[in-house]
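Read off the chains here:
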Amino acid sequence: MAKNSKKTKNKNPMQTAFTRFMLVVAFFILWIGGIGARLVHLQINQHEWLRGKALSQRRDQTKEKLLRGTIYDSAGHFLAMSVNAKSLFADPSEIEDFDKTAREVAKVLKVKANEILKPLREARENNRRFVWLARKLDEATEQKIEALLENKDLKLAGLHWREEQKRIYPYNSLAAHVIGFSNSDDVGLAGIEQSQEELLHGAVIKGWQDRDRLGRIYDEAETEEREPPKDIVLTINNSIQYKAEQALEKGVKAANAKSGMAIVLNPKTGEILALANYPTFDLNKYNEFPAEIYTNRAVQNMYSPGSVFKLVTYGAALQEKLIKPDGEIDCGDGIIKLPDREIVDKHCHDRISYAEALAVSSNYVTIKTATSLGKERFYNYSRGFGFGEPTGIELPAEAHGQMRSPGTWNGDSLASMSIGYELNVTAIQAIAAYAAIANDGVRIKPHVIKEIRQDEKVISRTEPEKTQIVSAETAKSLRQMLMKVVSSGTAKRAQLNGYTSAGKTGTAWKYDAKLKKYDESKYVSSFIGFAPADTPSVVIAVVLDEPQGGARDGGQVSAPIFKDIAEQILPEMSVAPDANIRQEVVKDEDIPTEIETLSASKTDKKTDKNSAESGKVKETKKENSPGDTEKNVKQKQPAAMTEKPKTETKNKSSGANKGKT
Amino acid sequence: MSRRNLTKNKNTKQIRRESDPIPWRYCLLTLICGLLLVVGFFFAARQHFSSMDYGIKNSRLRKQKDELGDAQRQLLLAKEIALSPIEIKKAAKKLGLTEMTAANIETFYTGGDKPENTKTDKPSEQKSPNAAPTNNKPDAKKPEKDEKPEKKLTDSKDKKEVRETKAAK
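As given, the protein sequences belong to chains A and B, one line each in that order. Using this note's numbering, the letters of the first sequence map in sequence onto residues 1 to 661. Using this note's numbering, the letters of the second sequence map in sequence onto residues 1 to 169.
One or more of the hints may lead you astray.
[Stated by the list, open to error] Examples of chain B residues lying across from chain A (beta carbon under 10 Å, computed):
id, residue
1, Ser59
2, Glu67
3, Gly69
4, Asp70
5, Gln74
6, Leu76
7, Glu80
8, Ser84
9, Ile86
10, Lys89
Rather than coming from a laboratory, the hints here were simulated on the basis of the structure. Note that beta-carbon positions come from the ideal geometry of N, C-alpha and C, so glycine has one too.
Sequences and hints are given; from them, build the entire structure.
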């Protein structure tokens with residue numbers, strides 16, 4: 001019985017079940033514990049290795065280049081824009097039939113098959129697996145290639161696409177020298193593209209993409225944050241720019257000039273509304289043009305301004321109250337004696353008012369005025385007008401100009417400088433000086449960038465520096481004097497229909513660096529003016545390099561271009577007319593000539609006055625230039641220029657000019 | 001075969017059961033936890049696949065957005081090219097409009113004091129050196145028969161005439 005009860009006790013079903021259950025639980029605990037231990041081992045000890053392995057299976061590293069910033073004109077038109085474009089490359093190791101591939105691709109690309117075949121074979125020989133076949137294709141060509149690749153009969157293998165950026169300039173050559181261009185790697189090489197490279201440059205953004213087993217992207221992110229490129233809004237107005245370019249081209253061709261430049265500036269704001277150079281080039285095909293043509297002559301080239309610089313002399317004298325516009329000066333016989341030479345001014349007879357002297361561009365009166373000013377004051381005013389230092393315009397390689405300090409001047413330097421020789425200026429410096437007079441004596445730094453945008457929000461706006469260089473009263477007096485230049489002086493061809501205008505002509509000899517003297521056969525003819533004369537809305541500078549079509553004076557070749565531009569843009573700018581319509585022909589004989597001849601030299605008594613008068617210029621001494629060193633400047637004497645009387649022009653001028661007189 | 005030691009014909013009602021070592025409450029709790037776990041797994045799986053699905057859609061939309069952005073840029077460029085002064089000039093020539101030169105822009109004195117150095121010449125009476133011959137002046141030379149008719153659009157009547165000329169062509 002006891003044995004039985006023991007047996008019963010030992011075989012208690014509940015206990016047995018419990019024991020069994022516990023065994024199962026223990027088994028499971030061990031099992032789960034084992035799995036857990038393994039998981040801990042895998043996820044902690046082998047975490048990095050496993051993670052890397054997993055990522056490599058599903059994750060792609062990506063590199064995306066942001067589109068380069070856009071350049072707009074002031075009205076919001078695109079001047080330069082980047083778009084995505086596809087480029088075709090080949091992996092020669094995957095290509096079976098080189099000839100067939102080259103033939104088919106060449107047919108679409110409209111090139112010779114050999115141009116495709118040659119690089120492919122070279123790459124195969126050098127075991128290279130990447131060969132560009134065509135870059136930045138247009139949409140139509142891309143579709144044709146795509147169709148080629150999808151054609152199963154052709155079985156073209158080894159051809160792949162790569163996304164790139166393409167810079168497009170919708171207006172081709174418009175404002176080419178301002179906008180500039182960028183190369184195939186999207187690096188700016190000229191103009192705003194170069195100077196604002198940092199802002200425009202599209203950064204490369206690195207990131208990753210996770211793909212599922214079907215290759216679909218289900219997650220992606222950027223691994224580094226970079227500043228997106230900025231957009232630049234220029235002050236250039238595409239319509240004004242176009243008109244300025246058209247007028248300049250016409251004018252350069254008519255004058256048979258080597259080149260020309262025109263700048264249109266708003267004197268109230270310092271905004272450059274147009275900056276044209278001729279000859280120019282197509283921005284979309286810039287590599288088809290010679291590199292010399294890329295030079296923005298208005299900013300990078302210097303020239304002797306000639307009579308245009310008289311603005312500084314008269315402006316300074318008016319400000320110092322040394323002269324009055326209606327004040328008179330006795331010219332005597334029109335001969336001025338300088339330490340080393342004499343200057344003969346045929347325009348100056350007996351008594352003449354300063355306004356009349358400026359109108360006929362009298363060198364005698366200008367030199368006398370400069371002498372009364374003195375070296376220091378003349379130099380200070382010249383610097384005040386902005387000469388001898390860059391204007392700070394946002395364009396690359398701006399020339400400083402040359403304005404030597406009075407310590408380096410020789411005996412005739414003040415006289416030469418007062419009439420625009422022995423110094424060099426850029427067209428942008430010259431127009432900025434005239435703009436100051438148009439703006440009541442306040443000089444505003446000329447600028448070409450209006451604002452910078454990011455994601456269509458303005459992040460910075462140009463606030464130009466303002467400097468009062470002469471009083472408003474002086475500026476007004478100068479404007480009235482400059483009006484006389486247009487109404488009865490050397491710039492009659494700058495008279496506008498419906499608007500009053502003012503300005504100054506300049507005709508200067510070009511300095512020949514090889515001969516180290518001024519070349520009497522080569523001129524720089526310019527006109528800088530503004531309109532309307534009392535309340536100027538625009539200042540326009542026109543400079544022609546080496547006009548050779550007979551007429552060479554600034555008043556004859558540059559002033560008509562000013563007129564052409566101003567008459568078109570003023571109505572467009574909603575500037576109310578302030579004068580009557582004038583459509584009369586201005587004859588050559590009505591315009592006082594400005595061609596400057598070498599003066600009689602004191603040291604060369606034998607210089608034939610008659611020959612000088614008849615236009616046969618006899619040079620007796622070497623001339624210096626602002627580019628010369630101090631030593632050279634002291635050794636060489638500058639040539640003084642005199643204005644030739646009308647009759648002399650008749651004799652000297654040839655071709656069309658001769659015929660007219 | 002071992003025989004089970006079970007009492008026969010015993011009144012089972014009199015047998016007092018020992019307390020259950022695994023109470024039903026525990027089983028229920030385990031079951032609920034298990035269910036929760038399973039539901040959680042399902043929920044997590046659903047969320048995971050849903051997120052993947054959204055990720056795929058998002059990626060597609062992003063690509064589509066980029067493509068549309070590219071297309072928009074291309075269209076803007078095409079519009080810009082079409083609106084460029086050169087193209088407008090070409091279109092104007094096709095319509096028979098004359099080129100606008102400085103000489104044929106008519107600006108009129110609007111009032112106020114007449115400036116001293118201005119003249120009251122009318123544009124129709126005198127011509128500037130650069131003036132191109134225009135057909136809208138009464139004394140202008142009429143175009144030759146074989147010349148392309150050029151007309152400056154000044155009013156709707158002129159425009160109508162141009163349209164008619166074009167239609168006739």
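Practice task
Grab the minimum C-beta distance from Lys89 (chain B) to chain A and call the hint holds if it beats 10 Å, violated otherwise.
Solution key: 9 Å, holds
Practice task
Verify the interface restraint on Glu67 (chain B): the C-beta must sit less than 10 Å from at least one C-beta of chain A.
Solution key: 9 Å, holds
Exercise for the section: For the hint on Ser84 (chain B), just tell me whether its beta-carbon gets within less than 10 Å of chain A. Expected result: 5 Å, holds
Problem - Restraint outcome when Glu80 (chain B) is required to lie within 10 Å of chain A by C-beta distance - result: Where the cut-off is 10 Å and the nearest Cβ of chain A is about 4 Å from Glu80 (chain B), the hint holds.
Handout entry: Per-residue hint verdict: Asp70 (chain B), partner chain A, C-beta under 10 Å
Key = 5 Å, holds
Handout entry: Residue hint Ile86 (chain B), partner chain A, criterion CB-CB below 10 Å
Key = 8 Å, holds
Problem - Leu76 (chain B) as chain A interface residue, shortest Cβ-Cβ below 10 Å - result: Given a least distance of 7 Å, the restraint on Leu76 (chain B) holds.
Exercise for the section: Tell me if Gln74 (chain B) is really an interface residue toward chain A, meaning its C-beta lies closer than 10 Å to one of theirs. Expected result: With a closest approach of 6 Å, the Gln74 (chain B) hint holds.
Problem - Restraint check, 10 Å cut-off on beta carbons, for Gly69 (chain B) near chain A - result: Since chain A brings a Cβ to about 9 Å from Gly69 (chain B), closer than 10 Å, the hint holds.
Handout entry: Hint check, Ser59 (chain B) versus chain A [nearest Cβ-Cβ separation less than 10 Å]
Key = 4 Å, holds
In summary, the structure agrees with every hint in the numbered list given earlier.
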